[in-house]
Amino acid sequence: GDSVTQMEGPVTLSEEAFLTINCTYTATGYPSLFWYVQYPGEGLQLLLKATKADDKGSNKGFEATYRKETTSFHLEKGSVQVSDSAVYFCALRGDAGNNRKLIWGLGTSLAVNP
Amino acid sequence: GAGVSQSPSNKVTEKGKDVELRCDPISGHTALYWYRQSLGQGLEFLIYFQGNSAPDKSGLPSDRFSAERTGGSVSTLTIQRTQQEDSAVYLCASSLTTGLVNEQYFGPGTRLTVT
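Protein sequences, first through last, are from chains C and Z.
Using our numbering, the letters of the first sequence map in sequence onto residues 12 to 125.
Using our numbering, the letters of the second sequence map in sequence onto residues 54 to 168.
Bear in mind the hints are in silico, worked out from the structure with no lab data behind them.
One should not assume that every hint holds.
As a list, the in silico SDA-like pairs of lysine to any residue whose alpha-carbon atoms are at most 20 Å apart [claimed, not checked]:
| # | chain 1 | residue 1 | chain 2 | residue 2 |
| --- | --- | --- | --- | --- |
| 1 | Z | K64 | C | K71 |
| 2 | C | K63 | C | E53 |
| 3 | C | K60 | Z | G152 |
| 4 | C | K60 | Z | T168 |
| 5 | C | K63 | Z | G152 |
| 6 | Z | K70 | Z | T168 |
| 7 | C | K71 | Z | G152 |
| 8 | Z | K64 | Z | P161 |
| 9 | Z | K64 | C | K60 |
Facing chain Z, a subset of chain C residues (Cβ under 7 Å, in silico) [said to hold, decoys possible]:
| # | residue |
| --- | --- |
| 10 | G54 |
| 11 | L55 |
| 12 | L57 |
| 13 | L59 |
| 14 | R111 |
| 15 | K112 |
| 16 | W115 |
Note that beta-carbon positions come from the ideal geometry of N, C-alpha and C, so glycine has one too.
The whole structure should be built from the sequences, with the hints applied where relevant.
See the structure below:
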């Protein structure tokens, strides 16, 4: 079945460092791909998404490109801030038939130090 | 406008008791989803509703779990004869429709602890 694998955390960076969180997936067809973020004490929020190959999702300085050839959707940010400290989840949504559920990675905790 | 709300925010129950978890979706959202977030397990899908019907219940772990939605709005997730392995954060999400591009908006979750 469909699955998502993302790099394990925790990831600890200094402010203004470059961030990459790897995400790869297994799915048939053409899934949609998502990054969600969970800030401390808050609910899950959609960070960005991409619905077809080569699409780039971007928001708040974060970017991820849907790479079908490598089945990847890595999250990147050029210069992280303390306020980016959160747990990041990669997820996919299959395109087959009745499939409407999100399949999730395990989450990657990011801590950014000043 | 108001987001997705869930109640209670925390629930501690004894093993063997039944519990009901409630979700109020965003007004006008026809699709509603339940997920479970367990320590070390990540997020797992339980069930989703389109209107009042549930086209996909494949994630419900056992027949102790059931859910209903009435009036195309509020949903209740019921766990009968709770077990310790049911301890988790139960998340509800809603979206405008079940269309593939529709964002799912999440509630704050109900933290269930079974003692």
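Hints, verified against the model:
1. Z:K64 x C:K71: Not satisfied, since the Cα-Cα distance of roughly 35 Å exceeds 20 Å.
2. C:K63 x C:E53: 29 Å, violated
3. C:K60 x Z:G152: Answer holds: K60 (chain C) to G152 (chain Z) is near 14 Å, not above 20 Å.
4. C:K60 x Z:T168: Given that 20 Å is the threshold and the Cα spacing comes to 39 Å, the pair is violated.
5. C:K63 x Z:G152: 15 Å, holds
6. Z:K70 x Z:T168: Status holds; Cα separation ~10 Å.
7. C:K71 x Z:G152: 25 Å, violated
8. Z:K64 x Z:P161: 14 Å, holds
9. Z:K64 x C:K60: This hinted pair is violated, its Cα atoms lying about 33 Å apart.
10. G54: Status holds, d = 5 Å.
11. L55: 4 Å, holds
12. L57: Constraint on L57 (chain C) satisfied, holds at 5 Å.
13. L59: Interface hint status for L59 (chain C): violated (11 Å vs cutoff 7 Å).
14. R111: Hint on R111 (chain C): holds, closest Cβ of chain Z at ~5 Å, below 7 Å.
15. K112: Holds - the Cβ of K112 (chain C) comes within 7 Å of chain Z, reaching about 4 Å at its closest.
16. W115: Given a least distance of 4 Å, the restraint on W115 (chain C) holds.
Violated hints for the displayed structure, listed by number in ascending order: 1, 2, 4, 7, 9 and 13.
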